[in-house]
Structures are given as structure tokens and as C-alpha cells.
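These are the residues of each chain, in order.
Protein chains: 2
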Amino acid sequence: MFKRIIFLTLICGRALLSTLNAQSPSDPARYVRPLIGTARMGHTFPGATVPFGAVQLSPDTDTIPYSSDGKYNKDVYKYCAGYQYADPTIVGFSHTHFSGTGHSDLGDFLLMPGTGALRLNPGTADRPGSGFRSRYAHTEELAEPAYYRVFLSDAKVLAELTATTRAGVHRYTFRDTTKSHIILDLMHGIYNYDDKNVWTFIRVENDSLVTGYRQTNGWARTRTVYFAMKFSRPFKDYGMKDFDGNKVYRGFWRKFNQERNFPELAARRMRMYFNFDTRNDQQVEVKFALSPVSTANALENMKAEAPGWDFDALRRAGREAWNHELRKIQVDALSQEQLINFYTSMYHAALMPTTYMDVNGQYRGLDQNVHQAKGFTNYTSFSLWDTFRAFHPYLNIVSPSRNADMVQSMLAHYEQSTLKMLPVWSHYANENWCMSGYHSVSVIADAIIKGVYTGDPGKALDACVQTARNRFYDGLGEYIDRGYISADRNGTSVSTTLEYAYDDWCIAQLAKKLGRQDLYREFSGRSSNWKNVYDARIGFMRPCMADGSFRTFFDVLKTDGQGFIEGNAWNFSLYVPHDPTTMISMMGGKRRFAAHLDSLFTMHLPDEFFAETEDITRDGIIGNYVHGNEPSHHVAYLYNYAGQSQKTQARVRMILDKQYHNGPDGLGGNDDCGQMSAWYIFSSLGFYPLAPASDSYSLGSPALKRAVIHLDNGKTFTVIANNQSPRNVHVRQVRLNGKPITSMMINHADIIAGGTLEFDMMK
Amino acid sequence: MFKRIIFLTLICGRALLSTLNAQSPSDPARYVRPLIGTARMGHTFPGATVPFGAVQLSPDTDTIPYSSDGKYNKDVYKYCAGYQYADPTIVGFSHTHFSGTGHSDLGDFLLMPGTGALRLNPGTADRPGSGFRSRYAHTEELAEPAYYRVFLSDAKVLAELTATTRAGVHRYTFRDTTKSHIILDLMHGIYNYDDKNVWTFIRVENDSLVTGYRQTNGWARTRTVYFAMKFSRPFKDYGMKDFDGNKVYRGFWRKFNQERNFPELAARRMRMYFNFDTRNDQQVEVKFALSPVSTANALENMKAEAPGWDFDALRRAGREAWNHELRKIQVDALSQEQLINFYTSMYHAALMPTTYMDVNGQYRGLDQNVHQAKGFTNYTSFSLWDTFRAFHPYLNIVSPSRNADMVQSMLAHYEQSTLKMLPVWSHYANENWCMSGYHSVSVIADAIIKGVYTGDPGKALDACVQTARNRFYDGLGEYIDRGYISADRNGTSVSTTLEYAYDDWCIAQLAKKLGRQDLYREFSGRSSNWKNVYDARIGFMRPCMADGSFRTFFDVLKTDGQGFIEGNAWNFSLYVPHDPTTMISMMGGKRRFAAHLDSLFTMHLPDEFFAETEDITRDGIIGNYVHGNEPSHHVAYLYNYAGQSQKTQARVRMILDKQYHNGPDGLGGNDDCGQMSAWYIFSSLGFYPLAPASDSYSLGSPALKRAVIHLDNGKTFTVIANNQSPRNVHVRQVRLNGKPITSMMINHADIIAGGTLEFDMMK
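Listed in order, the protein sequences are those of chains A and B.
Throughout the first sequence, residue numbering follows numbering that gives the first Met the number 0, covering 0 to 762 in sequence.
Throughout the second sequence, residue numbering follows numbering that gives the first Met the number 0, covering 0 to 762 in sequence.
Looking at chain A on its own, in the form it has when it is part of the complex:
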């Protein structure tokens, strides 16, 4: 906690002075702390980006693909976003980063300015000066929306970063002007397992423009990013080093030396450098535009988004883009810390999925062909196992047209899929098949049912149905035949069965809305398959063998090997968000169920079991309740269905309080592409989408004093919490537009119609 206070003082000083009343101002960006989540497990990045931008220009402190003995290093997991707050050195600034993932990729095109002797190896953090990396101090670092600044003390360069949607913009001030240079590292990559570089192709078009692409085989098996890089003034000279020893065809070496001032370069692994004379002008700016399609498109993107050389104007425009997003919800908070948590959550919930389309509408499809997006913005990086829960529902309220485009992007993926599968975890024209379920159907059904996606709903339903009938996919054939996935063959048989059942219910809801009774019946039937893995004798979901018997070996505290993914039976057994009433009844009725939840939140998970809990710090757990992994995100709201809403209220406020802090270590687990943040936003507002694809929200306990949601349709939905205080967590009465609510639910239509949701908090 001490550390956290120091951090706040350092980076929040200005904000603290100006907003003591804790009301959101016209510039809510001032409350955003991009550094939150950059320590330990948050896996967020501190660099410059704009909402849902294609470029995330951010410092990388390390990526450590291998330990010193050359073996694969587990520590690489720390570097999913490239930056760890505790690290003493920065390797450089790369242009693509996931936010809050638990697996990784990207880290494309690292730039690093330097002075003095040229070093083309990064060196190691424990030996400053052993390479081009540089020490820095957090006191000389500033991270804001669309702006990042740090002084690189070994490099003797002040580095400033900003971004447009498709371009990163660097401003380097060389404090020492001896042998100023900028390194372009084309080997650097995040999660560079087994050296993911496949090919690099570079053209030095003239004395200040460089284009090229890099192709990698990482988490995405086949991923190519094209770029155009423009310097604000000519370099003196340039060169490269081929770290594969120039395996490229040598016929031209009689004529040329590829490594010095040769403008057409190709290699699997190379680093480049550009020397500048900075004696008369210490600043060099760099515009670095990306494209999924071609260098020609990258250049077109640059010309459209960053035509000139006004770094400060782009920084202001980036911040204004953020304020435009953040002003969608205006809040009165209980504290400065809460304001920071809230707007940083909104910030983290507007980073992914990312724009994957050039200004001319072209993008690369799953088939690796170039497609033209007609009437929508194409997005990529769908971490759907996480984001279907609260993130996409959140967008349905604050950014419906954007979410509609995301649905369209997912349907385009489906059209391009040889397997006729909606995305599972897709990024950069690739399906990486991470995690389980087919949760695209939840996002699609939710967006259609809530009136957000207005494309052809029949085609969308077809895609959902086809996806859910693909027998080859992850036990789905057996699930269809048997009603569950058997533990004999599948290590996550229980959780996948539970997830399929929920997804099927989503399809059923969509079918119902579209009047497809046949499909409604089929998928409603499938949606109760969760019952097939419930062991009533022990009150938990449990691995079930092909012969119908439950697996003998079973430990409800263990996470590994118990039939669940990222959760033990205590956490994951409650995953029936679409039918909590039946589940509660099967689990012994409301009273017994509430006691079961009490145990979950209050028991102690022994260390040996905690060690198996992925992605989570000790702070990320309350009793045995794991908030840092998603399967229990709805659990606190289940008390509502057990007739003990006051416990929902208390638990939600406790989780908000315990799991989200202002410091770099303020997140108890991966932010998971905005899902953790979306949970925070919903819960702070007092309601939560228990089962997306239903149009209702379960009420909790708002944490803010007041919030005004500015809807796309021009209306506002206001949440007011009377008698709000950190200790007043229980709700005496809730009124929607003045009428008391007893169901502890509101509907999406209630929100979209505009109005006021008023909570009277108990003193």
C-alpha cells in the first residue's frame, strides 16, 4: 500500500490538485492512468494509443523469450504487454500490443533512439550498457491517454510518443548529440517463442521514408504487418545487420553490400539503424503507420491521419478522441481514487478489439486475401471467452454502432472460414483457437436482441447455428450426441459443456426473436445440457465419463485436471448464467445455495491449490472466489436469485473495492481485453448483464454517487445513489423513473429509453 501511495503522488499530482470535488470534468482523460495494471498480472501497456486504434505504441521493458540456458522461459508470461513496471530498463518502443491478455503476440517494429556507440543487440537488463536498452526512472515517466513520455538515461534521449488510429508518432530529443541514431529492430517481438520471425522485407524509399513488412509465426500462425516509417528529416546514412548471417541469395554481393546504405533488404531476422546529425536540431520525429494489407496502404494511412509534423496537435487530437469516449459516462465519485479507477476502466475497455482496416476500407481476411469492408469498420483481436460476458454488453450501451461493426467483423470472419466457424479467439487474420466455447454467438445474439446489430439477422443466426453444429470442434460432436463431453477424452469436459449450454441458450434466444421455432426448440434443449454434468450427491459440476458415471478422482479445490478451464469446481460449477433459478433449485434451494456462496467467498483456498490458479495474484482472490479469471464474474449477482440481494450488494462492493486499485499493481489479474474493466464499470453503475442475450441486467450496489450515461440516441440514463458512502453498500430501495423495482432487474430497453435509476443506500 505504501508503494501505491507513492505512485499516486508521483503520477497523479496534477489531477489531485485540480479535482478535489471528485466530479468528472470536461477532460476525464486526466483521470486515466495507463500505468494501472502494468505491474505483475494486469498485462496492460502504458503507451500511446487512441480508442480501438490499430497502433498501440508502447515501451517494452523486456520480452525474454529464453532463459540464459537457451530454454523456453516461463517468465515470458510476464511480458504479454511488453512492459513490467518493476523493470529497470526499456528496450524500445514497439507499435502493437494486446491489453490484458494471458497469452501473447505482437510487439511489432521496435524503435529505439540512442547516442554514442551503435549497439545492435538489446543487451540484458542486469548489465546496463551491454546493448541498446536504456535505464529510465518512473519519476521521469509520464503515461496519459494518447501520450507517453520517458527520459532514457543511458540513451540520453527524451522519448515522447503519441498515436493516431493507424500510426504511431515518436518525438525524440537527443540530449547528447554525439552519434545520434535510431534503431529499427525487426526481430523484436512479444512472446517470441522459438523465434517467431518468418520473413522481413524492407525498402528505403528515400532519405527519410522506409517501408516494409514483417511476417511472424507466433500465436497467430501466419501474421503479416506492413508499415511505412517517415522521419521528420533525412538520416545521414543507414545500415542493417542480418542476424541469420545473410542467408539471402548472395549473387548480388559482388555488386553490393546489403548491410550499408542498400535500400532493398530482405532477411528473416534483421535490425536496422539510421544515423542523424542532431547538432543543430536535437529533435527527430518519426511517423510509423501500419497496415494489414500493404506498404502502399500504410503510406496512405499515414497521409490520411498524420500528414504533417505537428506532434503536439496529434497528441491533443488523441486526447480529445479519448475524452469523446470517456465523456459517454459522466460520474460523481466518492473519491479521487474511484474516479481514476472508473475512467481507467473505461480506458481499458476501449483498447480492444482493434481497428483492422486501412483508411481505404481494405483489410486482410482469414483467407489471407484482401477484402473491402463495405459499410463497417473491421476489427480484430477478439478475446471472446473473456469479452462476451460484460465487455460487449457494455459496448451495446455506450458504443452500439461500434459493437455492431464488431459483430459484422465476426460474421466476415465466419464467411472467410473454411471451417464455417465464428471466431473463437481471433487476431490479425488468424484464428488461434484459444480457450473454449463458441461465445461469438453470445455477442451476436446479445447485439441483435438489444437492437444494436441491424444487419441481416437470419444470416447471423445461420452462422451461429452452423458454428454450433460443427461436430469436429472441441468435443462438440459428442456433446450433441451425448448431451455432455465425456471426461475420458477431454481435459476440460465440464467447463466446455457448461459453456456450450450457455452458448446454445443464446442461439435459442436469437432463434426465438426471429421466429425460428425449430431452432429455438433444438437449442433450448441443448441449453439444459449443463444438468448432465451436475453431481447432485456432492452439489458440484463434475467430470462425467462416457459411460455416464462421474469420474471417481475429483477435487473441488483443484484447478488442474478437474475438467475445468481457469477455475476449480467451486468457481466454475456456478456457470449457468442463463438459468440460475433451476440451478439453485437443483443445488438444494435458495437457502442452501446462498450458504454455498457464503462458503465460496469466505473459505480459505490453501496455497497448494492457489498455485494452480492461473493469472491471479493473491489479491485477486476473495476466499475461494477468483475474480481475476472470468468464470465467476456473474457469481456475486447470483445472491439476487437466492433471495439475498443484500449479499450481492455487499459482495459487489467488496470486489470493486478489493480488486481494483490505482497503482501499477492495481489489477488482481489480467484485464483480459477490457472484460475486467467492463465488470468494474457495470458494477460501479449498479447493474450487470448476468446472461448476455437476455435483455435484462441484474442489480447490485452502485459504487458511484451519480452517473450519467450519454446514449447514442441522444438520451441520457442517469444512475443516482442517495446516501452513498464507502460503507453504505446495501440498497434500501431502487426506483426506475420513480417506480420501485422489486425484481432487482432492469431491462436494456429501460436504459435505451433514457431515464433515471435511483438507489437509496442504507446508512
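No false leads were slipped in.
One copy or two, either will do: identical chains are not told apart, so a pair holds if it fits within one copy or between any two.
Taking lysine-lysine pairs in the DSSO-like style, the calculated list, with each CA pair at most 30 Å apart, reads:
id, residue 1, residue 2
1, K373, K302
2, K302, K419
3, K235, K254
4, K254, K530
5, K557, K646
6, K240, K419
7, K458, K302
8, K704, K327
FYI, nobody ran anything at the bench for these hints, they're computed from the structure.
Chain B: place on chain A using the hints.
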């Protein structure tokens, strides 16, 4: 010779029977022997292609990248075209081949049908049955224009091949129907030095359509070929093997086994197989379309060029496309063998450069971006050091619009070049920088001066001038400053100086035509630089040091290390095609020069020096005159300038007779992308373009009895040789349209105007 007769009997039987009068019929394709040049050094391929087609679908007998000890195997040179006539086995049929090159690449997408046990390794030729390769017999092989057939005796499959411009079409008849399968080898490549595969990406779109691409780092550093493959009927099942051990991201392996029936594949090195049930229908046809741009374009190419399943119709259309080319010159020959040599030469002179553009006009440029060809067909694979001499001038007569498009393609390359260089040796959106000079300027100047290229001549001149002023290129800076390239720094200082001087003369001629006196003066001045490397004391061009002295160590018989490329001083010293008169004068006058030529043709080149003569068989040399390498292609015609035309006539006829035969070993050296063949055609017609970019041709001794050239403008130019016989090689009189010629020259305009060139041969 015995072998040759047997070969003729085998493959020419039908032609022999039907055309005893040796006149070219309406089906000149019957005289084409694609097998000519497939033994030893010819480096031609026997497979199916159409004129200048993008697809060359041909059997590969081996590629042997490594010897058994894992070291690089020099023998790989034999396999520039993938096929060696003496080899006992065929590995399969790949879709891209150079014709007659001395370095290589390509060999993309090998298909191999088989029966019985599936083997995913090719095995070795000395152990039949050790892999998927199969024995075959030349008695069961037929090679025709646009058609190739062979019975694979181990595979027990009759394989037939035909082609459209952008698609290869296979018809496999399974003589044994046990476990019929077709292998798609995505690792196979010609000149697979150091394993050139960079990446492979495959989609099994449905049960009969497969798309994908392969990217290689071979002679072309960055080359990607896209394909779409369609089977005439569904395969039963399919699979792949990843020969890198599935280094691709393993996250999805819990869900899938990539190696069996998984439709989205990616790996660096893989082979696929497709199993068929051939019990009821023994035939499987395969259409395999290529694209330089995308799989979508490959599919579009297939739909445009081979929409249905009529193999025989495509074969007929391919043959008709060939006849359309071949009928441009109708001949009366002295013999069947001459007819075969002539039409096979025309065939070999219509294989390269190849179409490098999709049916929709898109192609990949040197910058790797996709470009749209506006109003021209884009071509690639320009072996300019060879082809500027006679091949492009030949096209200026028989296919001017095609040559104009080739010029346009070269100018597009220039526009896309960061170095502002016209192509040197370019293929597949890459410059490989092979050989010396900047002979694009010869092709461009020749095409403009002869009225063939009608695009903006000023822009074309600018490209030539810029190219010739690029000081960084291969000694050019020194050449500009000093008037020659010094032997101190450059191993081919003499030949490159000579080539630059000729190229500069071409630019001067173009500048003159366009009224650019300044440039005319500049480049006329440079064009006499050949004098700076002439050592009058010994009568040879000779390496000259930076200090102006000639290098002491010098051997006029040696090829290696004497300052020349692919030629010794005897052969290369005569390379002043643009100013033979001055050269002859400097070499002591006409008489002494003629005696010098006599020596060249009659001396014996000792074996130790012959061994250094690249690409040449013993048959490829006459005295010390090396016809199989290009630098002396104009030499026989130099007697004309020494006042001894009768010796030009005799030598030309001797070369025609000695250097071109009907057998697989009928070429004495690499065909060099049609240059050797174009020499044959010109010389057979009785004239030759001594110095392209001049509009004149030097007369020799026609070898045919009569030839009618059907010009694009509807006119005909007829060559008649009265009293023609194998022994009547000397010309008594030549008349153009009845008027005697004393200059031993005709002009391009004389040909294009139509008319008759009549030679009276001495009895």
C-alpha cells in the same frame, strides 16, 4: 549420334511419315520437340505450357539440393529446369520452370499421383520404391507443345499434362486403383539451396478445392506464389505432414490434429496428400491455377481460363495457341531435322519472359505491392544479359506488341525500384542482379527506334539515363569518372566496361532519335570507353589498373580471373558490336582482323581452358569460338565488316549445323531464355541484329530454302534462297525487292514494309 537417331525415331516417327517434303504445314507444332535441350546443358523443360505462359507444368526428375553428406551439391546446376533426360525417375510435376537458364529457382507446387502405400518422402533415384518418385521410360513419354504424357511405372499412373496461360491441368489415370492418392509437395523447389522455403499457407476450401501460397527465399529473395487447385471429383480424405515438426502455435492441438483433415494449414515445410476412391472411375483431373497476387486471383484465373473439365479441349487450345505463334514464320526447309530445329527454336523463343499478371490485370510489383497493369500485359523473368542480343530484336519482328509490353513491364519495374534501376535480371517481383551491364537500355532503345514501343519515349529515355548514371552500381561510378572499370577492384572489369560502352551507345541512339543532343553527346562519348581497355600491343581487350597500366598477369585463353564474364579474351575482346569498323581498324585493319577471326574459329582450346568455359559442352565450341555463351553471338557476322562476307556465311552455316540438333542433347549450352534459339532463327533466315538499337541487320547465309514472315501489320517479308543446299553456303548475290544489296545489310524498315529478300547461293 547413334543415340540421337534412336531418339528421333522414337519421338518423331509421326512427323517423319507425314511431312517428307519438309514444308511447314498448318500445324507447325508437330515439328516442335520440347525434349530438345533436356539433356546435359540445355536446361530446357519438356512439360506443358502455352506461349509466354505463367505456368510451365513439367516433370522434375530431381533437384538434388545436397549430396548425401549434407553438403551443397554442385550437381544441382544440372537441374535448373528440373528435368534431365538421362534420369531414370520422375519426382512429380511442378508448375513453374525457367527455360534454359544457368542459375535457377521456381519448381513450385509439385503434384505426384501414386497408388499403394503412401510415402511422403521422394526417396532417391537409385532406390526405386524408397519414396513417392517413380520410374518411367522414354518410350512411354510424349512431349508436345502444351501437352506432356508419361506412364509412371512404379506409381502405376498415366500422367497427362496441359496448360493455359495461368493454369496447369493434370489428368491422372490410375492403372492400379489401390489406395490412389495425389501428393502435393509444398517443399519441392528447384535449386533448393539451403532450403529456400520461407512459409506455406493452405486452405482446404471444400472437398475438391484447395488454395494457398508458398513463399521462398531462393534466387529471388522474396517470392510468393499463390494457387488454387481444383480436383475433378471429391477426395475421400486428406492430410499433411509438417517436416519442421509442427513448430506452429500448438494451442489448438487440444482441439485439432492439423495433420488429418484439418483445412487451415500453415508451416514452413509441408507435404499434403489427397486420397481418392478410383474403383469406379480411374481418372482424376486437377486444375492448378497460379497468381502472383492472391488465392482469390488464382481462383479467378482458373475460372476464366479453365472453367470446365475438358482436358482435351484445353490441350487443343494450347496447341492452337502454339500454332498461332509458330505460323508467324512459314518455312521450306532442307530437311526434316531443320524443320524440327527451326520450330523448336521458335518454341523455345516463346517461353520467356512469362506472363506475370492475373486475368484482372493485377500483378505484384518490385515493391511487393499489388499493381494494376493499365493497357499492357506485365511480364517477368528478364534474363537481359542474354536476351537483349537477338531475342528481343526477334520479338520486334514477329511479336512487336508483346515486346512493347515487355518494355512497359521493365519501365514499371524501374518505377517501383528504390534504386531507380531498370531490370538487370529480374524475376517474380524481385531483382536478382545476375550478370552485368544494364542491357534493359538496349531492349528499350531498340524497341523505340524500331517503332515498336509507342509509350512515352522521353520517360523511357529518362529511365535509361538514370540507370546509366547510378554510380553505386557495379563499378559504374568509376567507369563514369575514369572511362573504364579498374581491375584493382572488379573481377570482370573488362567485360563490364565493354558492355557499358555498348549500352551507352544504345542510350545515345535513343537520345538522338528524341532530339536530346546533350544526352546524345554524353552517351556517345561514353560509348567509346571500350577503347580504354584495349591493349594495342597484344591486340586484345585487357584488364586495366586504376593507374592506367595494364595488368601484368593475363592469359588470353583463360576464362577465370581475366577480367571477363563467361568468356575469355579471344571471345570477349570482340564485343564492340556498335562500332566494329573502329575496332577492326584499331586491331590492325580488315585483313589482320579477318585472320584473327580465322584463328578464333580454328585454333584448339586446350582442355585445361575449356574446363573453365561455363555452361558449355565440348560440342558447344568451334575452335576457341564459344557459341553456347552469348558474348560471341555477333562474332561470325564481323567478317562482313572485314570485307570477307563469305566467311560470315560459312561460319554462320557451320554454327547452325554444329550447334543445334534434334536430340535431347541438341543444344551445346543453356538455351538462355530463348537467346540461343533466337540466334538460330535469325541466322537461318539470313540476317542478324549485330547491334540492337541500330535499325540494321547484318546479312549472313540463310539456311532455309524459303521463309515467309507474317508481320503484325498484315504484310509479309519473304526470304528466298535460290540453289539452296547444305553445301551451298556462300551467297553470290542478295536482292531486296529485286535490287542488289552490296552493303550486306538490310534495315528494319525494309522488313516491316514487306517484301522479298532473295539470296542466290553459289553452287
